[in-house]
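A.B. asks: Line order of the protein sequences matches chains D and Y.
Residue 156 in my numbering sits at position 89 of the first sequence, with consecutive numbering throughout.
Residue 101 in my numbering sits at position 91 of the second sequence, with consecutive numbering throughout.
Be aware that one or more of the hints could be misleading.
[Unchecked claim] Derived DSSO-like pairs (lysine-lysine); straight-line CA-CA distance at most 27 Å:
#1 Y:K212 with Y:K351
#2 Y:K75 with Y:K302
#3 Y:K175 with Y:K212
#4 Y:K139 with Y:K157
#5 Y:K203 with Y:K279
#6 D:K519 with D:K422
#7 D:K229 with D:K250
#8 D:K95 with Y:K118
#9 Y:K96 with Y:K263
#10 Y:K351 with D:K95
#11 Y:K279 with D:K95
#12 D:K95 with Y:K96
Rather than coming from a laboratory, the hints here were simulated on the basis of the structure.
Please read these numbers as outputs of a predicted model, since none were measured by experiment.
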Amino acid sequence: MQKRVFLTLIVILLLIVGLLPVLSMVAKSLTVDGHLSFSAYEGVLASSHQWVLMGHSMVLSSIVTVLTVAVGVPLGILFGKTDFLLRRFFIFLFVIPLLIPPYISAVSWFDLLGTGGLLAPITSPRFTETVSRLLFGLPGCVLVLFSAFLSIPMVLTMVFLKSVNPRLEEAGRLVSGWRGVLKSITIPLILPGILLSAMLVFLLSFGEFGVPNFLRYDVFPVESFTQFSAFYNFKAATAAAVPLAVLTLAILAVEFWFLRDRGTGLSLAHEAAKAQPVRLGRYRTLMLMWVSLLAFLLVVLPLIVLLIQSAGFESYGEALNRAGDSLLRSLLYAAAGATVLTLLGFFTGYLIQTKAVCFWRSVDFMTIFLFALPGTVIGIGLVSLWNHQWANFIYATPLIIILGYLARYTALTSRISATYLAQIPSSMEEAAQIAGASWFRRMALIVAPLAKRSLFASWIVGYIFSLRDTGITMLVYPAGHDTLPVRIFTLMANGSPGLIAALCILMIAVTIVPAGILWMISNPVSKKEAI
Amino acid sequence: MMKKTVFFLLIVCFVVAGILLFRPSKATVKEKAKEQTVVVYVSEDQVFSEPILKDFERETGIRVKAVYDTEEAKSTGSMNRLIAEKNNPQADVYWANEPIRAEVLRQKGVSSPYTSPNAGDIPVMFKDKDGYWTGFSARARVFVVNKKVKEKPESINAYTNPRWKGRSVITNPLFGTTTSEVAALFTMWGNEKGKAFMNALKLNGVAISTNNGESADFVAAGQYDFSLVDSDDAVNRIRQGKEIVMVYPDQGKDGIGCFIVPNATVLIKGAQHPKVAKRLIDYLLSKETERKLAFADCAQIPLHPGVKLPPELKPIGEIRVMQVNYSEVAAKMVEIQPFLKGWMGL
Numbered sequence: 068m069q070k071r072v073f074l075t076l077i078v079i080l081l082l083i084v085g086l087l088p089v090l091s092m093v094a095k096s097l098t099v100d101g102h103l104s105f106s107a108y109e110g111v112l113a114s115s116h117q118w119v120l121m122g123h124s125m126v127l128s129s130i131v132t133v134l135t136v137a138v139g140v141p142l143g144i145l146f147g148k149t150d151f152l153l154r155r156f157f158i159f160l161f162v163i164p165l166l167i168p169p170y171i172s173a174v175s176w177f178d179l180l181g182t183g184g185l186l187a188p189i190t191s192p193r194f195t196e197t198v199s200r201l202l203f204g205l206p207g208c209v210l211v212l213f214s215a216f217l218s219i220p221m222v223l224t225m226v227f228l229k230s231v232n233p234r235l236e237e238a239g240r241l242v243s244g245w246r247g248v249l250k251s252i253t254i255p256l257i258l259p260g261i262l263l264s265a266m267l268v269f270l271l272s273f274g275e276f277g278v279p280n281f282l283r284y285d286v287f288p289v290e291s292f293t294q295f296s297a298f299y300n301f302k303a304a305t306a307a308a309v310p311l312a313v314l315t316l317a318i319l320a321v322e323f324w325f326l327r328d329r330g331t332g333l334s335l336a337h338e339a340a341k342a343q344p345v346r347l348g349r350y351r352t353l354m355l356m357w358v359s360l361l362a363f364l365l366v367v368l369p370l371i372v373l374l375i376q377s378a379g380f381e382s383y384g385e386a387l388n389r390a391g392d393s394l395l396r397s398l399l400y401a402a403a404g405a406t407v408l409t410l411l412g413f414f415t416g417y418l419i420q421t422k423a424v425c426f427w428r429s430v431d432f433m434t435i436f437l438f439a440l441p442g443t444v445i446g447i448g449l450v451s452l453w454n455h456q457w458a459n460f461i462y463a464t465p466l467i468i469i470l471g472y473l474a475r476y477t478a479l480t481s482r483i484s485a486t487y488l489a490q491i492p493s494s495m496e497e498a499a500q501i502a503g504a505s506w507f508r509r510m511a512l513i514v515a516p517l518a519k520r521s522l523f524a525s526w527i528v529g530y531i532f533s534l535r536d537t538g539i540t541m542l543v544y545p546a547g548h549d550t551l552p553v554r555i556f557t558l559m560a561n562g563s564p565g566l567i568a569a570l571c572i573l574m575i576a577v578t579i580v581p582a583g584i585l586w587m588i589s590n591p592v593s594k595k596e597a598i
Numbered sequence: 011m012m013k014k015t016v017f018f019l020l021i022v023c024f025v026v027a028g029i030l031l032f033r034p035s036k037a038t039v040k041e042k043a044k045e046q047t048v049v050v051y052v053s054e055d056q057v058f059s060e061p062i063l064k065d066f067e068r069e070t071g072i073r074v075k076a077v078y079d080t081e082e083a084k085s086t087g088s089m090n091r092l093i094a095e096k097n098n099p100q101a102d103v104y105w106a107n108e109p110i111r112a113e114v115l116r117q118k119g120v121s122s123p124y125t126s127p128n129a130g131d132i133p134v135m136f137k138d139k140d141g142y143w144t145g146f147s148a149r150a151r152v153f154v155v156n157k158k159v160k161e162k163p164e165s166i167n168a169y170t171n172p173r174w175k176g177r178s179v180i181t182n183p184l185f186g187t188t189t190s191e192v193a194a195l196f197t198m199w200g201n202e203k204g205k206a207f208m209n210a211l212k213l214n215g216v217a218i219s220t221n222n223g224e225s226a227d228f229v230a231a232g233q234y235d236f237s238l239v240d241s242d243d244a245v246n247r248i249r250q251g252k253e254i255v256m257v258y259p260d261q262g263k264d265g266i267g268c269f270i271v272p273n274a275t276v277l278i279k280g281a282q283h284p285k286v287a288k289r290l291i292d293y294l295l296s297k298e299t300e301r302k303l304a305f306a307d308c309a310q311i312p313l314h315p316g317v318k319l320p321p322e323l324k325p326i327g328e329i330r331v332m333q334v335n336y337s338e339v340a341a342k343m344v345e346i347q348p349f350l351k352g353w354m355g356l
């Protein structure tokens with residue numbers, strides 16, 4: 068009873084925070100002068116161009132998803148399963164592009180590869196011309212989004228590898244080499260994690276507007292954005308975003324189809340920790356070279372652009388002077404957002420994993436749909452819903468930003484928790500129940516400690532995504548409460564490139580340091596492993 | 011043990027920072043102090059507007075809380091918020107970077123009339139007759155031309171001249187000052203000629219950029235020969251030493267003139283701090299603010315007579331100005347947007 072009531076309250080909270088603002092927008096989009104009307108939808112959906120844009124978005128997202136998974140999963144296996152050298156260093160390196168808003172990465176790539184870019188003086192004009200032409204279009208979008216999201220499948224693969232029951236792999240090793248074990252046992256076992264990462268990358272790429280807009284590749288979210296920005300037509304903008312609900316359903320159906328009848332071979336982390344790493348032997352140096360090359364091309368090169376532009380203490384001094392307060396606020400809001408996201412995600416994940424209420428599938432759909440929606444729709448929805456005199460204690464304070472984070476990113480922490488919770492045998496909770504422990508005691512003393520690693524992972528993911536958010540924050544932050552990414556964007560218009568680059572470097576630092584500390588706390592490294 | 015201590019310290023740090031940042035300031039508690047705060051939404055670039063607002067704070071002791079626009083959102087985030095917040099306005103003043111947005115707000119019932127005593131000698135063309143907005147410190151729509159180009163374009167019609175086929179770039183006409191200028195051309199020429207011009211532009215292989223700064227960067231990089239941009243984008247890059255020159259278009263005897271885009275102040279209807287809002291508007295419309303904005307990197311042209319100028323700028327009286335009514339331009343903009351959307355292939 069306790070369980071049902073509490074989890075239902077969690078769902079109601081999610082409804083109020085996330086779905087209600089969007090529903091209020093949808094309701095407005097369905098009315099004209101108080102009467103039901105589909106005119107906003109007819110205008111948007113009847114246009115054949117919309118379907119062309121939908122095609123563009125599908126192509127872009129599919130290529131980015133396939134590439135990130137194809138490269139990210141092997142990288143994750145390399146870092147999480149083998150005795151690869153300097154893996155912690157490379158993990159941090161590959162995560163860096165995820166910490167910067169992709170639009171800034173796109174500008175950075177342009178500064179590097181454009182006809183007047185840093186590479187131009189040392190390459191032939193023909194080469195520069197060709198590269199620049201490729202940058203502006205689908206290939207450029209793929210490059211930027213691939214480098215930005217590569218770390219998602221990489222990290223999730225590593226996280227899931229830690230939970231693979233080593234006994235299954237050891238049994239496999241009796242009849243096969245590591246290649247066969249990875250192919251037939253390990254990868255099938257971590258498939259839910261790979262699918263989760265593919266889904267996240269697909270949705271993030273699909274919803275991305277800044278990069279394709281900058282690199283001249285028209286995508287589906289352009290209509291919603293244009294209706295907001297050029298026409299101030301909130302109804303049409305909402306109508307243009309609604310097809311994303313169908314897309315979310317399709318993605319969940321694909322995931323369901325892949326995972327049907329699949330049992331779990333994942334186990335609690337402490338058992339998995341006993342697994343022996345794969346020895347790379349003579350391939351160790353070769354692998355190191357390949358990974359170094361990849362890291363140099365995808366991460367170091369654009370980072371060099373930022374570092375060159377931010378060269379000199381003056382830029383950093385000015386950056387701290389102009390955005391020091393925003394930096395502090397960013398840290399705080401992201402930490403607060405991550406904490407609430409972790410809690411909400413934990414209970415939502417539990418609800419989905421244990422199918423504790425009959426509408427658990429709807430809850431999963433709702434969180435993923437909110438994640439797929441453009442930030443502008445949720446942002447304007449939050450304004451419409453909360454901007455009232457009686458709600459000024461929310462709307463006129465940073466609480467509205469936290470609500471925005473909850474609305475948008477609960478899907479991430481919820482899915483992470485659900486997948487982790489699947490590894491905890493239900494018998495443990497049942498035994499405590501038989502012994503008379505209440506549901507809250509079971510959650511606090513059994514489930515939460517066993518899912519400690521998922522709580523850490525959720526917090527880090529929630530922190531990173533809250534910190535880099537601009538879509539919602541930009542529309543709802545109260546005057547005088549802007550965050551660092553918003554400040555970077557507002558200063559980008561005619562601000563000095565040195566200042567912007569210095570702010571980006573600061574942003575990378577403030578994201579990596581707290582997330583890194585927590586990562587180290589949750590993943591203690593032995594001396595041997597550290598080498 | 012060590013892990014727990016670090017973790018505990020982290021939590022303590024966040025909690026302390028949280029208390030410091032989330033705590034209600036004394037100013038929000040006392041009504042008197044509340045009146046000493048003004049909330050302004052700003053579309054003008056933050057790098058240029060923030061110093062002016064800081065000066066206002068310093069000189070008057072009134073605290074300014076600002077929401078700035080972002081380049082990524084095409085400087086329309088503030089507009090969307092103002093419209094969405096209409097029933098419970100959070101802003102007192104809107105500092106628009108062009109009068110067309112101020113006109114849209116008037117049409118949507120978001121603004122309130124106010125005639126500032128400092129607006130007396132601003133030319134009538136640059137202010138609303140009922141006081142719903144007042145212009146100041148203007149940008150001119152100018153050409154930036156790469157220095158390597160020998161024969162410089164002198165008229166907006168250069169965009170349709172085969173001599174520059176595939177060599178010019180223009181910012182997406184669905185957004186910002188480019189929309190305003192296209193709407194102004196439609197107002198001057200009529201719809202038929204306006205549409206013919208836009209179609210000829212497309213046939214001449216004009217590239218589309220996402221914002222004026224980007225257009226100027228493309229030209230500076232030699233990717234294109236010229237582009238129509240705002241004068242602040244041009245001056246800013248010239249001061250950075252980029253390889254471009256600035257040309258005021260259509261300055262000949264029979265030329266249609268250069269389109270001028272003033273900033274505009276708007277008093278928000280139902281503003282929570284109307285007295286200080288009016289003080290801020292008066293401050294923005296002062297000659298001193300215009301002088302500062304002229305000498306800043308945005309190099310904006312003062313509309314008050316007799317304000318000192320940097321050498322790169324021409325006084326407004328020496329520029330052949332496109333004679334348009336901004337209210338008509340705003341109406342035309344709404345009318346032609348479906349055409350522009352189709353023109354963009356959307």
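A.B. asks: None of the hints should be skipped; say for each whether it holds.
C.D. replies: Evaluation of the provided hints:
Annotation: proposed proximity of K212 (chain Y) to K351 (chain Y) holds, straight-line Cα distance about 13 Å (limit 27 Å). Proximity of K75 (chain Y) to K302 (chain Y) is assessed by CA-CA distance (about 21 Å); at most 27 Å being required, the pair is judged to hold. Between K175 (chain Y) and K212 (chain Y), the direct Cα distance comes to roughly 10 Å. Compliance with the 27 Å bound is thereby established for this hinted pair. Taking the CA atoms of K139 (chain Y) and K157 (chain Y), the gap is about 42 Å. The hint is violated against a cut of 27 Å.
A threshold of 27 Å between alpha carbons decides the hint, and for K203 (chain Y) with K279 (chain Y) the separation of about 38 Å lies outside it, so the pair is violated. Among the hinted pairs, K519 (chain D) with K422 (chain D) is consistent with the structure: their alpha-carbon atoms are about 21 Å apart, no more than 27 Å. With a C-alpha separation of about 17 Å, the suggested pair K229 (chain D) and K250 (chain D) falls inside the 27 Å cut-off, and the hint holds. The straight-line distance between the Cα atoms of K95 (chain D) and K118 (chain Y) is roughly 17 Å, inside the 27 Å bound, and the hint therefore holds.
As the CA atoms of K96 (chain Y) and K263 (chain Y) are separated by approximately 46 Å, the hinted pair breaks the 27 Å bound. The straight-line distance between the Cα atoms of K351 (chain Y) and K95 (chain D) is roughly 24 Å, inside the 27 Å bound, and the hint therefore holds. Restraint check for K279 (chain Y) and K95 (chain D): satisfied, since their Cα atoms lie roughly 23 Å apart, inside the 27 Å limit. Restraint check: the Cα-Cα separation between K95 (chain D) and K96 (chain Y) comes to about 15 Å, which is no more than 27 Å; the hinted pair holds.
Of the numbered hints listed earlier, those contradicted by the structure are 4, 5, 9.
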